[in-house]
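Please work from the sequences and hints to get the whole structure.
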Amino acid sequence: MNSSLCLRLILPLLCLLISTFDCTAQEQTIEDREQRIRIAMEPATEYLRKANGHALLVYKNDFLIYEEYLNGHESTQPHVLASGTKSFSAALLNVAQQDGLLTLDEKVSDTITEWKTRTHISEVTIRDLLSLTSGIDPGPTGRVPIYAIAIKANALEPPGTKFQYGPIPYQVFGELMRRKLAPQDENVDGYLTRRVFDPIGMKVALWRKGPDGQPHMPSGIFLTAREWAKYGLLICNRGVHEGKPLLDQKLLEECFQGSKAQPGYGITFWLNRTGVGPDDMVMAAGKGKQKLYISPSTGVVIVQFAQTAAPEYKEEVFLNKLPKRLWTPRPIASGN
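Each residue of the sequence shown is one higher than the last, beginning at 9 in our numbering.
Worth flagging that the hints you see were computed from the coordinates, not collected in a lab.
Quick caveat, the model's predicted, so the values are computed rather than measured.
Some hints here could point you the wrong way.
Taking lysine-lysine and the PhoX-like style, the derived pairs with C-alpha atoms no more than 25 Å apart in a straight line are [stated by the list, open to error]: (1) Lys-160 to Lys-211; (2) Lys-268 to Lys-170; (3) Lys-268 to Lys-258.
Structure representation (structure tokens):
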């Protein structure tokens with residue numbers, strides 16, 4: 009088994025975190041602190057290891073404090089995010105609204121004009137699409153249609169009345185964005201890269217595309233754990249990167265509000281309904297237990313890679329095995 013453990017420890021941060029690991033700052037060497045963090049993280053790490061986990065990274069107040077790779081996975085190895093890809097549509101939505109391309113509550117049929125004469129579908133908004141309450145047939149999970157097929161989906165329910173999980177609504181959003189960007193001769197993945205990925209220094213190893221040459225919006229991105237963490241830190245810092253606002257905070261906060269149809273899902277993010285961890289914790293999640301946990305109030309970002317369908321793996325059990333004091337509120341001066 010190839011595994012590595014990397015701890016980036018910044019002295020002021022560690023002094024802040026000392027109480028998390030039940031020790032006194034003045035009495036410790038850096039090596040002591042590293043060891044205490046290892047010990048504190050061991051229960052969660054071993055639980056993930058036994059479930060065929062591949063990576064576990066923990067950031068506190070913007071600093072990487074724990075990093076372990078498991079079961080042969082390596083730090084430089086890109087990993088499939090599966091449906092963890094969906095959360096990038098929150099950033100795409102955000103910058104597109106800033107650029108005047110759309111608004112969250114505009115009708116999709118204003119852009120996909122073929123929908124204007126279709127019952128129920130004509131009333132679907134972008135919010136409905138990305139909260140998975142559009143009422144259109146969501147399609148089977150894991151089978152991503154091309155954009156032209158996705159926009160032909162039938163209405164199953166009036167918009168806003170039922171939560172239905174699947175890839176088609178995100179592919180419809182992809183087609184909407186393709187049409188919005190056509191006048192400026194820019195494609196969807198290129199626009200998102202220019203406006204979000206490049207500014208935060210996030211390198212995408214692979215983004216799967218369909219036969220139409222368009223990116224899969226609900227799935228298909230491959231990243232290393234540290235690269236995915238860069239997006240998590242942007243969200244954790246409420247859309248601010250290195251002191252510069254990149255995402256609109258008010259619109260970002262809209263993404264963390266559940267719908268009447270599904271209080272546990274916002275706009276592209278799952279919300280914390282486990283009863284474990286901070287109330288403001290949100291999550292991007294994909295098949296196989298890919299997880300990006302984000303808590304702005306505590307300054308915590310956790311990246312989890314795995315390839316497991318183990319029924320014995322429970323999210324709330326994993327979260328309960330993390331050090332409880334990890335969730336201490338972040339200092340007012342930390343983050344944004």
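We went through each hint and held it up to the structure:
| no. | hint | result |
| --- | --- | --- |
| 1 | Lys-160 to Lys-211 | 33 Å, violated |
| 2 | Lys-268 to Lys-170 | 9 Å, holds |
| 3 | Lys-268 to Lys-258 | 20 Å, holds |
Violated hint: 1 only; the structure is consistent with all others.
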